[in-house]
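A.B. asks: Sequence:
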Amino acid sequence: MAPPPPADLPLGQRVAKLAQTLQFAWFVGYVSLRIVDFLGSCVGTWRHRSLRADV
Numbered sequence: 001m002a003p004p005p006p007a008d009l010p011l012g013q014r015v016a017k018l019a020q021t022l023q024f025a026w027f028v029g030y031v032s033l034r035i036v037d038f039l040g041s042c043v044g045t046w047r048h049r050s051l052r053a054d055v
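All residue numbers in the sequence shown are consecutive under full-length UniProt numbering, ending with 55.
It is possible that some hints are incorrect.
[Stated by the list, open to error] The calculated lysine to any residue pairs, modelled on SDA-like cross-linking and capped at a C-alpha distance of 25 Å, are: (1) 17 / 29; (2) 17 / 3; (3) 17 / 5; (4) 17 / 27; (5) 17 / 7; (6) 17 / 4.
[Unchecked claim] Computed beta-carbon distance windows for the label pairs: (7) 29 / 5: 49 to 59 Å; (8) 3 / 32: 19 to 29 Å; (9) 34 / 3: 24 to 34 Å; (10) 41 / 6: 38 to 48 Å; (11) 15 / 44: 39 to 49 Å; (12) 3 / 29: 37 to 47 Å; (13) 39 / 3: 29 to 39 Å; (14) 44 / 8: 48 to 58 Å; (15) 23 / 43: 27 to 37 Å; (16) 44 / 6: 24 to 34 Å; (17) 26 / 3: 13 to 23 Å.
Source of the hints: derived by calculation from the structure; they are not laboratory data.
Each residue gets a CB set at the ideal place from its N, CA and C atoms; glycine is no exception.
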């Protein structure tokens, strides 16, 4: 996790740094979720097809 901004920075710059950090964390979480969702749907489709082939 990123260290907090220095206390001697103006409030506006401190808030901007916080927003940048939160945007990055949101982006990483969003991309991770999309990748896992995509991989899960691929595995689910593969399992579904393999089960149908056995019938």
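A.B. asks: Take the hints in turn and mark each one as holding or not.
C.D. replies: Outcome of the hint check:
| no. | hint | in the structure |
| --- | --- | --- |
| 1 | 17 / 29 | holds (18 Å) |
| 2 | 17 / 3 | holds (11 Å) |
| 3 | 17 / 5 | holds (7 Å) |
| 4 | 17 / 27 | holds (15 Å) |
| 5 | 17 / 7 | holds (12 Å) |
| 6 | 17 / 4 | holds (9 Å) |
| 7 | 29 / 5: 49 to 59 Å | violated (22 Å) |
| 8 | 3 / 32: 19 to 29 Å | holds (23 Å) |
| 9 | 34 / 3: 24 to 34 Å | holds (29 Å) |
| 10 | 41 / 6: 38 to 48 Å | holds (45 Å) |
| 11 | 15 / 44: 39 to 49 Å | holds (42 Å) |
| 12 | 3 / 29: 37 to 47 Å | violated (20 Å) |
| 13 | 39 / 3: 29 to 39 Å | holds (33 Å) |
| 14 | 44 / 8: 48 to 58 Å | holds (53 Å) |
| 15 | 23 / 43: 27 to 37 Å | holds (30 Å) |
| 16 | 44 / 6: 24 to 34 Å | violated (48 Å) |
| 17 | 26 / 3: 13 to 23 Å | holds (19 Å) |
The structure is inconsistent with the numbered hints 7, 12 and 16, although it conforms to all the rest.
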